[in-house]
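Please dock the two separately framed chains into a single complex, following the hints provided.
As given, the protein sequences belong to chains P and A, one line each in that order.
Per the UniProt record's numbering, residue 1 is the first one in the first sequence, and the count goes up by one each step.
Per the UniProt record's numbering, residue 1 is the first one in the second sequence, and the count goes up by one each step.
If you are wondering where the hints come from, they were derived from the structure by calculation, not from laboratory data.
Every value quoted in this text rests on a predicted model; they were computed, and no experiment measured them.
One or more hints might be untrue.
Just the calculated beta-carbon pair ranges, DEER-fashion [stated by the list, open to error]:
#1 A/E800 <-> P/V53: 38 to 48 Å
#2 P/P407 <-> A/D150: 51 to 61 Å
#3 P/I409 <-> A/S639: 50 to 60 Å
#4 P/N147 <-> A/T664: 47 to 57 Å
Here are some, though not all, of the chain A residues that point toward chain P, as calculated from beta-carbon distances under 10 Å [unchecked claim]:
#5 F525
#6 F528
#7 K602
#8 A884
#9 N886
#10 R893
#11 G930
Derived coverage of chain P by chain A (criterion: at least 3 residues anywhere in the stretch with Cβ under 8 Å from a Cβ of chain A; other residues may be distant) [to be verified]:
#12 52-63
#13 129-138
#14 156-168
The beta-carbon is built from N, C-alpha and C at its ideal position, and this holds for glycine as well.
Chain by chain, the residues run as shown.
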Amino acid sequence: MQVTSSVRKPLITGGKTVHDVTEDICKQVEGKPSKLWLMAFGISVVTLLIGLVAVVATVWEGIGMWGLNKTVGWAWDITNFVWWVGIGHAGTLISAVLLLFRQKWRMAINRASEAMTIFAVICAAQFPILHMGRPWLGAYWALPLPNTFGSLWVNFNSPLLWDVFAISTYFSVSLVFWYLGLVPDFATIRDRADGIRKKIYGALSLGWDGAAKTWSRYESVSLILAGLATPLVLSVHTIVSFDFATSVIPGWHTTIFPPYFVAGAIFSGFAMVLTLMLVTRAVFKLQDYITIEHIELMNIVIIVTGSIVGIAYITEFFIAWYSGVPAEQYAFYNRMQGPYWWAYWSMMTCNVISPQLFWFKKIRTSIAATFILSIIVNIGMWFERFVIIVTSLHRDFLPSSWAMFYPTIYDAGVYLFTFGLFFTCFFLFAKFFPVINMAEVKSIVKSSSEKTAA
Amino acid sequence: MKENQKTYWKGIEQLSNDADFVKKNESEFPEYLPISETGGESSNRRDFLKLMGFGIAAASLAACEAPVRKAIPYLNKPVDVDPSVPNYYASTYVNGGDAVSVVVKTREGRPIKVEGNKYSSITKGGSSAQVEASVLSLYDKERLVGPMKDGAETDWATLDKEVTSQLNKIAAQAQGSGIRIVSNTVLSPTTKKAVGEFIAKYPTAEHITYDPISSYGITEGNRRSFGAAMIPSYDFSKVKTVVSVGADFLGTWISPIEFSKQFAQTRKINEHHREMSRHYQFESNLSLTGSNADYRTPILPSQVGPLVAAMYNAIAAKAGQAKVSGGNAGDVAHLTAAANELWANRGKSLVVCGSNDPAVQVLINGINTMLGNYGTTIDTTAPVNYRQGDDMAMSNFVKDLNSGRVAAVIFLNCNPLYNSAEASALTAALAKASLTVSTSDRMDETAAAVKYVAPDHHYLEQWNDAELREGHLSLSQPSIAPLFSTRQTPESFLKWAGQTVEYYTYLQNNWKESYFTQQSEISSFQTFWDKALYDGIVELGGSEKAFTYDFAAASVAATSIGQNYKTQGSGLQLALYQKSGMGDGSQANNPWLQEMSDPISKATWDNYLTISLAMANELGIKMTEGETQLVNLMVGDQSIEVPVLVQPGQAPGTVGLAVGYGRTKAGKVGNGVGVNAYPFITKLNGANTMDVLAGVSVTTTGKAYRIAQTQTHQTYMGRENVIQEATLDEYKKDAGAGRWHPHIYKEGEFVKPSKITLWSGHEYNNHHWAMTIDMNSCTGCSACTVACQAENNIPVVGKEEVLNRREMAWIRIDRYYSAANPAGNKKELEEAAANPEVTFQPMMCQHCNNAPCETVCPVAATTHSTEGLNQMTYNRCIGTRYCANNCPYKVRRFNWFKYHDNTQFDKNLSMNNDLGKMVLNPDVTVRARGVMEKCSMCVQRIQSGKLAAKREGRRPVDGEINMACESACPSDAITFGDLNDPKSKISQLLQIEEKKEGEKATERVVNEERAYHVLEELNVNPNIWYMTKIRNKVKESTEA
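So that you can see chain A by itself, here it is in the shape it has in the complex (with noise of 0.2 Å):
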């Protein structure tokens, strides 16, 4: 246009500038519209068919326009967000009194993904299912989107106006003018801060931590042994012999992301490096923990005190110290030899235990001293900040509730009135308090029974802080704007403190004071942060303190033992326990997590009483199918109806029930799934006790009961084609040991069934994809599970459903049982031995290089791809389920209904509302009914990687492509990688001989003697590989 310097002109009148047409020509008309409006007599028929023309024209167009699905594009974009690609945030998951350091991943500005920060040296990259199902919950509908005041909506003023004048006139009643702040274990240092301020505000006020399930026996027990009320550190990765007495340690217990990366170093082997360690437990639940043990003993909770005394007193005679008195465990099978080897390996050993009784905590400490593992494989110097709540506290703060001294509650992020041991006496007393404020992010339990909610941000929209351990933090940044009106709670305190500070420069503040000086590195401040917020980790180093255990608390302990435990009671026992997936129950309203198969009995949607064998016989219950019975189980003068679940392992004369079930306030998904066993909870030398040790009873309804297993069938039937193992004695003389050679007799020789094939083979050249799997190392916690569901957007079908059959995840962990001596006939083994060795055995689409689903789909839709994956095409599926079903590892899914916008299926939160559907990745498609599933080896990640490394022009590097199941892998069981690269880590794992030119993928030779292949007579030839399960134990003994 530029170059065009012709001025064009409408007429005569605007090149000479007519005032006239200036005027007219500045309106969007310049003439009038020949009309007659007055109805002016002429033109009447004109105007009719004028007006009647641009009438039906005008109607016609407007019921043209389609209708508008808005993508709005960014008018100013922002600086970090580009459209399809992925942003990473450091950030901190924190739920109640765990935090794990994490890296979130956002699309679009959503986060959809959250992974382990492999920048943390204590989980160091490792996640769970409860923290890669925490995303899910930010977009959960359910949550509060205000302030609430009696249950209807107000405002944050209204509220903090209120809040503030009631809070001054408690504190300055004479009578009664307790405030106190409720709360888990609070791991933010900034948060504790504001809850300072406004404790110095309030002086009347307390902060009473409480944790729904309690570590106050190990704190206190410390307190007793050393003087210093503390959960120390503890290091797995050092072990030769670790005893566990009831501490789930790789599912549940304190920090168990933490312990597993640690426990794995222990458990990998090579042909190299033929040690591991040895692992005894002793339990009466069979936890994910007890089902990875080399030698597991059932146990009465009963027989904890003593046992432990007993064990103490082994140890004692070796070291020289008294012995103490405390009970008779009776005869507890590998507890000698348990304590010979425990000796042995004095510095190289590690004692925990679950209980939560002090007394019995003071002798594991015990234990530990005399075997010199302070300083080795415990450290004290840098004391973990989980779970340090005080039980007497909070008893104490019911009783001060009950006699009215108390007139303001506040509930920090917490909810005792549904998971507390307290809950029945807090529920009634709560009324006696004038001021009751909750900070829930929903209208859960507590919320529901108070007078204001001031509703916290979700994790993964706020600013914050946890020191995990001492010295050792982990920085929060939000990596979404808040979603709703709600406000974060170390921010509420504050107001209601009386500053007006934000709280993200309140935080900022305190890092500059408070650790920014810790260091010398950096000298900025800006630097510092920026690099805090980078890695979100900060580690500055603990203290060194010394302690001294006081040999004289170990006898005072053993008396208490002595009275408290008493073995020869024959009646029946309750141990209650959390479940890996659901743990305390916070996270009830996350389909996943309730979908989420458990690690040991496979049930979803459910608790239930676990049982053993015996037990089921005496009752009459025979369970087939997840066809059982529900009972009534009386504890006390409670009694509740729940459903039995036939466990394997469960110790004789014992019942497990799960807490985190019964929630009546969660929200749709969680309400009303499984029974509550919160009020169960006793107190047992003031500490809460997971153990019922009498008064409990079962006895029959008769009323049948379905609970949803994902996997009904118990054992793998001594097959030996799936699952491989042998002790280590075995191998340490043989690398091959336990593995199952097939032959096929073929003209006179027996051959490997690879060498009978009518297949012609894949040769790739470029990548050849690859997973090993480690069975050695796989714990069986799930936390792949979750990941893969939330990577792959794959839906809940809900309870019905996966009583149907028809769970639709992507990788499962075969769980099976198995006897030391298998039986001989096919009856006896299809049923599990009283207490069973346990296998897990992760599975997903093995990705056959000779795959039989490709050859019967009659369209094509699966097909393999040039880098050795078995590819699905959804759009040209036409559901036959011919693949399925000639799929030896059955592994395809298929979708039975229309899982997403369907009203049948609205527990599918990710999939049924427009903010649940905002978790989903928009680089997977969410797969139409009537269509085949299956894993897809994260084809979307590899993509994405390949991408990136072309974009450079390089290939990519090993390690830069993760599958979601490996990075979430707390104990890295899985490693993914190419092996077409001779120097990938998985190729050194497979001890693969390098491709040689025109070699096809079924050629390639593996030298490591573990690898194998599931059903290798078949010769599908799967490109994922089993590593053998390797026990280390003895043969012979192995019948407790």
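Only chain P is shown next, with the shape it has when bound in the complex (with noise of 0.2 Å):
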């Protein structure tokens, strides 16, 4: 790998030698879990087995469960499908766009951010299924499958189907793209490790041989797959955002979604990072590892995407202004002054004016400031998609239809299914794989003449 430049700060703090990362990483692997693990992990199971009743519910007696009604047809659901999604682009764009941009600095957390990508991926799956009048039908019907009903075949014309397609697509590569990173870090494991556990991460490791071609290949292969997986950064909440941007609906029928929903997608992914990598670099002590000047970056990300989701708000209610189209400037108005007011200004409040305290270093250095502020953001994107879905459905062409929606404890039920089912997956990944990229982490780890110097 390449020489870090001097005038550079160090990645790495604490003087860690290439020694003490493996032994740092391999700990938390190796170890008994902590109680805090055992604590953490339980709560998630708790919640998952909590939100599955809800699931259970909605699978058993129908969609009628949730708050939906004729006006409004997609409200949590969609809505959590897109913030899930939004979130899991944070990962691929670490790994992948960072690496091409080869920006040394991502080291230390890609690993984390794409194991978030995947469950994200996973948990938003689980809403184009669950949303479903029939999911048993829906499952396999919305696939291209050969099948025995004759000439019957998908609908290449919709927006759902692309869906399909793109989520899956950037599932696959992302899973393969995390798994190949992990491969020589599982031979690490491996090697140290004896009994069962050799034997598993052994299968892991795939017979990993840490041969000099083997690490060539390895090279050429990451580099691919991020080639790869860099358009998908794009495309997928493009055209997760072709959902709303092709339909008629006043406040849906937008061109400027796709850039809008890329930006808003990175914001709220380097915000979910930022939430979970704080936590974790305390539970496993990783404070030298994941810097404050990995933390420092990130708000860097979040102010510049939040600035163009702000820009993008304001761009849209220009349009809809300049338009002259009276239902398009129904719509917004009705954002702003309409009975969801409230989710509207939340939306501005915690997307557009709170990342922009991170233009003060003071509080883009403050690990309790950006925490809260991760979550905020966090909430501002849920609170973007839900703005976009319901207040745009619950008021549009014709007054007769106008209608509130109103959640039930089924669509809270099954949002929290997701959120078990992430800490979960989440927690499993970071008691059993290695949650930093030792083998990168490495090559970035000062050699011992600059120890010295320093």
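The following block contains the structure:
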């Protein structure tokens, strides 16, 4: 790998040696689970089970368990879907785009953020299935499978079908990319383990031998996958935004949606990475690997994407006014002044105003402030999707059909279910997989000569 | 087999006809089974194995047997019944004092749909929500399955024996021998004859007639004016000016279907005929009629009398008649204009009044006499027979009962313990009668209080007749054998009168004697009878009678008015009314009517106190999304807790409350829905009055309540792309008045939205089905919504689910309020005016040619047909609801739950028990949970129409295929047809240019300037066209 420029601040602090890296990271995998982990994992599983009740009730009784109605056909379901998919964006961006741009600071965080991506996409995928009236059929009828129904085929005009392709492609590429990065680290764990653990990690490491040729191939495949994954970062949320942009509903029918959605996705993804990182960092004592420097850099990404999102909001308004289309104008008037004004203003506050605080160095380097703001951003991004979906639908063209959407506990329950699923997966990952990419991080640990100079 | 002459024989024994063989051969098993039953020692093991083998095989075979769902084929097929081929029978809907000639559609012997009979010169094929819904009542599980005695089942023989013996005993008594038959208006002459025979047998018997909603004021008013107690026929089709003082003639007054049909004729306009009637309405509650008026003035109930007197005087001044004194109506907007116009259109005008005060009706008659309307718009030669109830007789009956003069009461198909003004007095006095009988079809409030119940057939199960107006007969024939052990009421009366004749014979004989002889066209009675059965209608013509108005009665009446109405009273006044869906509440157990969205309030499953916005502000009640409060309504010494509904158009100082609710013994569906308003009916001049002029107060309780409305937003926000309307004056100058033409800027010019499109468009080479809806004719009555529900197996979801905004109606009537001068900002647009203009817009799937729903479905479950229909494939639908979201008209309906065979939806009677399911239309799928549905443009009707034509080797004729909504519509607002047929009514209406070779549906040129697409700017290009609403009013003077 390349030599780090000496003018730059070291990315790993605390004078860690290569051996320290192995020890620090493997310790978590090899040791007994801590009480804290057990507690967190337990809570996640309980959340998952409680949420499962809502999922079962929905599938058993019908979508009527939710608060949807004749006017508002989507609400929390698709809000949550878009929200989780958005969160999933950061991982690929960090691992693929930053790899291509040779941003080495990504190395400490890419593993966990990629894992987050995978789990977020899994959570997101629950909703397109669960929101169907007949998921037992829809789960496979939406796929272009050869069937016995004669010439019956899916409708390639439907943005929902594009979603199926976009999400499944994104998920497969992310999964392969993530797993590939894990292989050398699994080998490290395998080499240190014995007994059944050795067998399991041995199998997971796919016979990694650490030879120069292997490393060379590893590097090449990583680059190729990064190249493949990069357009996906842009495409997935672009296609998700088509669900809305290609429709006729005022507030949905907007050409600005693709870039706006992508920026929003990165925005929320980084916020979620920060939330998780700050917790992991504290729990696993990884302060030397995930430094204030990392946090600051991510906060800068949040300012940039947050500002893009803010500009998008304002542009939407301008265009609504400029278009001269009364329905469009009313849709945006209704967002601000209608019965869901609180959702709109929550979104504006959380997404546009709050990230601007990161202009202050003191705030963007403060762990507490970052943690709070990262959560606020994700609340804001949830509201953004809620505002787009519900406030556009609830008052569209014919005033006779205008209605309100009130969520039920089952709406909340299914959302809770995905939280349970996400954190159960994440805590399992944190315990049994190396949370930091050891192999890559070792490449940026300062050499001994520099160490003495420092 | 015949060619085969060989004989096969089993063995030499058969060939030789061995006696032993012949004997054994007769039994099923010619030889004994080779098992030793005695348990002989030699073959025990083998027998055991054989038995075990047989046992296992038998047991497993028995287990294999699939559950048998019995589909029993006809052993002898009835001549007229072909599976899957419907039969139609002409019959007559009868409910209390109402009757409508109908055609009943049956499938495999089950009545499944009721429609208006086009041969009737009265209703001309129109129907109403109540008529459409009545077929479901046939399959109501709450109906009695047989006669009852003291609340327990008995048999007819016992009942007849006991009733007859007690009647004989009572009739023979010296004291208190009165026998009373209490009924609503009986329209059947043959039933009346049967009752007459009963009275002849028991001379102490008297027949008392009352109506829940009394028209006694009119009959009595006519008696005082002309000396004949009758209700004349009205002909709204000839009017130029109609003034209605509180008469809801399009919704509930006397014969609303007939009047809607007639009135609609005066509202039909086109380029060549730019004239229409003008309609003034003076009323307290916003009624269906008032909402269709050109000028509507809210008045207090206490103003009715003085207002009519003032109008009388205004006309009298012009006619040179003496003025009368009748109190002071104060300054009533539009009154002078109305009087002037009435006078200008003498003989082509009509004044009607909903008041039940005979004095007021006397003045109304005077006005119509001075205007020369008798003989033109009012026909006294053929008086109608509806609502002949006598309020005085009813009060006297209760007095007689109370004083012990009456020992036997027979309630003939009526429920006075619930729906009469004397309900509470009657309930108390009923115990004094020793014999009480009811013929109710269910254990209703009255039936539960009597000793014997002799349940009547449903009207679809019986032979009967009805004389709707003098000389206009309508025959009822059964379209199904009686489902239960019920008996036709006139037959019961004949039985009790000691006659053994079957009612059918009795009816036929009566017709032979009475009506067959009155005509001379047909010489054979059988032919006459067959034709009457086929047509359902016999019209013999009324009698010529001359009446002279007694002007002396007018001044007497005016004096009475002067005493009874005090305009100056500052207290709150209560105006009771009927909803056009629920009516008098007799069909309260019909979930289709309960869930029918009220045309005005858009509320379901409730009645409520309608209050003005000003009063709501005073009480501090704000109504949003159906959330409101319960208030305490005090009327005299009675108080009741009732939710309020803020009703634009409600006259300040008044509150309104619908009767027909608060049933306690209607059945599972109707019990406990709303509150009972009948106890508030009071007496005025001896007649029941629906208006309470004093002693009304309302206090808040602070308790929250939710009214299930299907529409909670009241205005159309000034959106011209939705509602396009103009005044008649504007229309006269420009046939395209009120039209809104969207244009989109494209490359330096403004073009029509249809010019910018990515759609390649559809070409329909065979048929191109389309529909027009004339918003000028639509009165909002909602008959179409119930017709659609019956035709298309639409589930009832119940109040909770309506509150969740999940009603399933495929066609809905959007009702918008608007002020004459639209407000500027958006917040003000959301508020309806105090006395708003009302627009009704039936809304269903628009069958877009560029359908936004079709593109977004991931599984292609909704697609376009080659004939212009947007189709739903239920079994392909996975329920993503994307189509519903992307539907700009929000007409798609999702099956949120399983509505059939689900105890949670047990109010959905047509899908949750075997009896109720008989009403389902077998041509329409009952939709599964989780799929989307919507208006299919009655595709089953289109298909059967095409099939019938194909079998005859021709193309379908225009008018042969009708939509359920279209055929129900009493005002002919809906026209369906083929746009590819240049001669079809719809092509003519739209003045569509003939389709050129290769022309796409979206390119068709429509020349009718009133025709427009809702949301034209979206270029979804619907196949449903709307015609602009034209109001016959002067724009400036709209604010009352």
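Here's how the hints hold up against the structure:
The hint said 38 to 48 Å for the Cβ distance between A/E800 and P/V53, and at roughly 21 Å that hint is violated. At about 53 Å, the CB distance of P/P407 to A/D150 agrees with the hint of 51 to 61 Å. Under the hint 50 to 60 Å, the C-beta atoms of P/I409 and A/S639, about 38 Å apart, miss the expected range. Separation of P/N147 from A/T664 is about 56 Å and conforms to the stated range, judged on CB atoms against 47 to 57 Å.
Taken as an interface hint, A/F525 does not check out: its beta carbon lies about 55 Å from the nearest beta carbon of chain P, beyond 10 Å. Of the supplied interface hints, the one on A/F528 is violated, with its beta-carbon coming no nearer than about 51 Å to a beta-carbon of chain P, more than 10 Å. The interface hint given for A/K602 is met, as the beta carbon of that residue sits about 8 Å from the closest beta carbon of chain P, less than 10 Å. A hinted interface residue such as A/A884 counts as satisfied when its beta carbon comes closer than 10 Å to some beta carbon of chain P; here the least separation is about 4 Å, so the hint holds.
At about 5 Å, the closest approach between the beta carbon of A/N886 and any beta carbon in chain P falls short of 10 Å, and the interface hint on this residue holds. The criterion of a C-beta within 10 Å of any C-beta in chain P is met by A/R893, whose closest approach is roughly 6 Å, and the hint holds. At about 3 Å, the closest approach between the beta carbon of A/G930 and any beta carbon in chain P falls short of 10 Å, and the interface hint on this residue holds. Interface restraint, the region 52-63 of chain P with chain A: holds (3 residues with C-beta to C-beta distance below 8 Å; minimum three).
For the region 129-138 of chain P, the stated coverage by chain A is satisfied: 7 residues place a CB nearer than 8 Å to a CB of that chain, which reaches the threshold of 3. Counting residues of the region 156-168 of chain P whose CB falls under 8 Å from any CB of chain A gives 6; the rule of at least 3 is met.
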